[in-house]
Amino acid sequence: AQSVTQLDSQVPVFEEAPVELRCNYSSSVSVYLFWYVQYPNQGLQLLLKYLSGSTLVKGINGFEAEFNKSQTSFHLRKPSVHISDTAEYFCAVSDRGNDMRFGAGTRLTVKP
Amino acid sequence: DVKVTQSSRYLVKRTGEKVFLECVQDMDHENMFWYRQDPGLGLRLIYFSYDVKMKEKGDIPEGYSVSREKKERFSLILESASTNQTSMYLCASSPDTSSYEQYFGPGTRLTVT
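Protein chains in written order, with the working numbering: chain V, 1 to 112; chain U, 1001 to 1113.
In case anyone wonders, no lab produced these hints; they're calculated from the structure. Treat the hints loosely; a few may be bogus.
In silico lysine to any residue, SDA-like type, Cα no more than 25 angstroms apart, as pairs [as the list claims (entries may be wrong)]: (1) Lys1057(U) to Thr5(V); (2) Lys49(V) to Pro1106(U); (3) Lys1003(U) to Gln45(V); (4) Lys1013(U) to Asp1051(U); (5) Lys111(V) to Ala17(V); (6) Lys1055(U) to Gln2(V).
Generate coordinates for the entire structure from the input sequences, incorporating the hints supplied.
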């Protein structure tokens, strides 16, 4: 069975600093990987996804993630964060269309 | 743009009440999902539906039922609400089983007192 571990429950960072949110997954088959963002009092919005091809995936709002099969990781990065990036971020894995598993979430707080 | 709407943003109900949460999507998607979101637990799947009148249990179906009479609408029912069902409920949809991306509604924060 597939599962996702987000290694940090909270990440505080200063504005304009780089950030990495870590995600590890386990699955016995080929996987598809996602990062979603949830702003306060809103639903989830897709940031980026890896289905196949290049292991470096670029998403919206300047975020990118790298799929590392040998380390079963899919870490999310941004070189310079803004106050508006403050939100909760969820990593998710799916090995078939109807079965998506989410991590527990990482709360990113960007401080001025 | 895909739009998924949920009938209420905030809901307060009493223990034992029957509660209906409604979700509507406007993109003719085949699949619809209900999740609950709790701090530290992420999202957990309650039920999903891959067609009208079809449903499958997710990881935590106990205490919940669902209804999908029309393609665009997926309802979550709490037959007899309990305090441990206080949570954020998120609805999502996806085009079909070959599409791995899910589109989410804004969520309903349910409080059971």
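To see whether the hints hold, each was checked on the structure:
1. Taken as a hint, the Lys1057(U) and Thr5(V) pair is honoured in the structure, with Cα atoms around 23 angstroms apart against an allowance of 25 angstroms.
2. Distance hint between Lys49(V) and Pro1106(U) is fulfilled; the C-alpha atoms sit about 21 angstroms from each other, no more than 25 angstroms.
3. For the suggested pair Lys1003(U) and Gln45(V), the alpha carbons sit about 12 angstroms apart, so the restraint of at most 25 angstroms is met.
4. In summary, the hint linking Lys1013(U) to Asp1051(U) is not supported, as the alpha carbons are separated by about 30 angstroms, beyond the 25 angstroms threshold.
5. For a cut-off of 25 angstroms, the pair hint linking Lys111(V) to Ala17(V) stands: about 10 angstroms separates their Cα positions.
6. For the hint linking Lys1055(U) to Gln2(V), the alpha-carbon distance of about 21 angstroms falls within 25 angstroms, and the restraint holds.
The earlier numbered hint that this structure contradicts is number 4, and it is the only one.
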